[in-house]
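Protein chains: 2
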Amino acid sequence: MRDYLPAENELRDRLLSEIVRVYKANGFRHIDTPAVESLENLENSDGGDNLKLIYKIQKRGQKLENAVAEGDYDHLCDLGLRYDLTLPLSRYYAAHKNELETPFRCIQTGRVYRAERPQKGRFREFVQCDIDILGSDSLDCEAELISVAAEALLQVGIRDFTVRVNHRNLLRSLIVFCGIPAEEADTVCVTIDKADKIGFDGVKEELLGKGFGEAETGKLLGILTGDPTLEQLAEAGCRAETESISALLGCANALAEDRYAVRFDPTLVRGQGYYTGTVFEIDCPSFGGTIAGGGRYDNLVGKFDGSSVPAVGFSIGFERIYGVLAERGMKASERDKLALFYDEGQFVEASKYASSLRENLDVTLVKKKKKVGKQLAQAEAQGYAFAEFLENPGERKRLGGEKQGE
Amino acid sequence: MRDYLPAENELRDRLLSEIVRVYKANGFRHIDTPAVESLENLENSDGGDNLKLIYKIQKRGQKLENAVAEGDYDHLCDLGLRYDLTLPLSRYYAAHKNELETPFRCIQTGRVYRAERPQKGRFREFVQCDIDILGSDSLDCEAELISVAAEALLQVGIRDFTVRVNHRNLLRSLIVFCGIPAEEADTVCVTIDKADKIGFDGVKEELLGKGFGEAETGKLLGILTGDPTLEQLAEAGCRAETESISALLGCANALAEDRYAVRFDPTLVRGQGYYTGTVFEIDCPSFGGTIAGGGRYDNLVGKFDGSSVPAVGFSIGFERIYGVLAERGMKASERDKLALFYDEGQFVEASKYASSLRENLDVTLVKKKKKVGKQLAQAEAQGYAFAEFLENPGERKRLGGEKQGE
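Chains C and Z are the protein sequences, given in the same order. Going by this note's numbering, the first sequence opens with residue 193, and the numbers climb by one from there. Going by this note's numbering, the second sequence opens with residue 193, and the numbers climb by one from there.
If you are wondering where the hints come from, they were derived from the structure by calculation, not from laboratory data. Careful, some of the hints might be misleading.
Pairs involving identical chains hold if they fit within one copy or between any two copies, as the list cannot separate such chains.
[Stated by the list, open to error] Capping the alpha-carbon separation at 27 Å, the derived lysine-lysine pairs in DSS-like fashion look like this:
#	residue 1	residue 2
1	Lys-255	Lys-244
2	Lys-402	Lys-289
3	Lys-561	Lys-255
4	Lys-289	Lys-561
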């Protein structure tokens, strides 16, 4: 977990608020859920490997004493930190759906926690930034999520990305079509999901290692790597899915207006077990790969209230885009900073004058020391664009630091 | 801990961003620290009763196995959720001070956690909103914090508040002056702190119950409730403190310009053990009492790096002001919402038309159902100001819901 210095955090603020602004303009509503969830809910979610990474919170008071008295080390905890925003959203929607619009378009931005080994660009506390549409099974939702997320990325200055789309059933049908039993489809998908890391040679090796036949594996990978058309795949037995993908590509590309491409990728898996239909990802080579991902999860809300609520979501990889934009030196604010120097005893006068400048500037009061030159150098190093001295109001000194703003 | 519905959360967003906007314009920098801290740091802070309310996070992996193998129930946890923002700030400043301005004006907004019994207006997860100035012992800092926090409150529409100021040494000197031993001053302060709940009769009863003499108790309460002047208290032996309070009142009232009053209150205590000098609170009767509080804490950073760093902070009671403003029906957004109705198959056309309207409106796409009347009623109930139908672009129907904005 990490601290953020002012310039870092202000850039994070700016990025997040730009994204949220685009989402709100598109009719999405910003909600918030606690970072702490019941451990039972967390552990009963289809969170895959994330379940191993949950931070668990110890019981308190009498409950803890009782658990200790029973010598039961396995039940000392009753709460946990959320590992994503989708599980809390499903609980939230089940609890509040009568108070919400149908369909419900929602924005979530918040911290999530995973007890992973720290590595470059991966933190144990990090921000997710999701949009979801609950309560509609229309394919328009997928098209809308793709278009709105892409618009948010364009808004923060990200270009040259591609949206890849697949349907979960399509890959599964293809696997069965190639002679592999349906009950083995999950494990095959897990291996195919690694293709961007281990390549298709690696996938082949792993599938053979898992005991699948040379013929079936060869047929499957032959089709997948052969850039198959949707029509070819329709012949593998899932015409409904290829038709919906085809319709989605049509809509999404019409909205893209050549600013980005939306294309079919039969090898796209997405790891989470809870996806039930369409899945999609946004890739941007200059940002090191995948920067957003999502899909349809029609069964997750039902875990809480037994109802059947169609749902689809899209998550921007906030930490990745923040990391790249910060490295590129994107500035946090469009407002310039001014340091206003005053002498001992002039605080009230300086404050009043500073107030008169604040419509367009962030103004910091600085009490003059003997070595003003050193203070000016510090202000410059901290990104101040201007300095002014109370005794010479209006005489603005430009500091060497570049003007703020992109 | 609680969920926030869209209108609630959007109002929280708005309040927080207005407050942060005022703080940034005044040269404060927005930083961020993890919600999770080392349990050792949390438990070694002068957090008073808050230390009993820490949510503790269990160790993971081998560390947990080792602790269990040793049968050591008391050391199964190594992390905890922060109970305030001041302790993390002190750790942060000690770690990063070479990269920060001197003095360092900072803003923190974030969730904190206390395992309290839930009650009206109190939550186990809640937002704090702090400003602090580190690295300066100038009294200008106190005046600036009071002025800037008051400006933020005025900005979100809060009026009729009063700032009360005291100095910790002043009350302690007075206690000793009345014949109570210096080492008993803390417990006397704890009792005086309850005056707004139990009244001064209650304070007297509790002090006598604690074994203090009738004469000493009577003298102390006689002075405290007699609306003493600073000059009278100076005679009790702390002229330096009364002079600094007097200077602070002068500055702070000059900046208040009659929009609020800043006055001396010899009975003001503030609970936290870490305060070392000036303490202050903002009261607003129409908001049910105290809505902000703070003070000087010159020894907290030193706990982390042994250095001596003067520091002073002010915290707005965000949950309280949010609660009152929400009850009063303050609206979350100045932008109106429009529902754009379209027919099946018109999604792309509707999306493009909606985009053209979004500069000044939040536009939601709504696929028409057979019962459009019911859909319109729902939109109205959800706060939409307008509806429009794609087949009649520009023909805007005003919904009964009042116009958004304050």
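Of all the hints numbered above, which does this structure not satisfy? Sort the numbers upward.
2, 3
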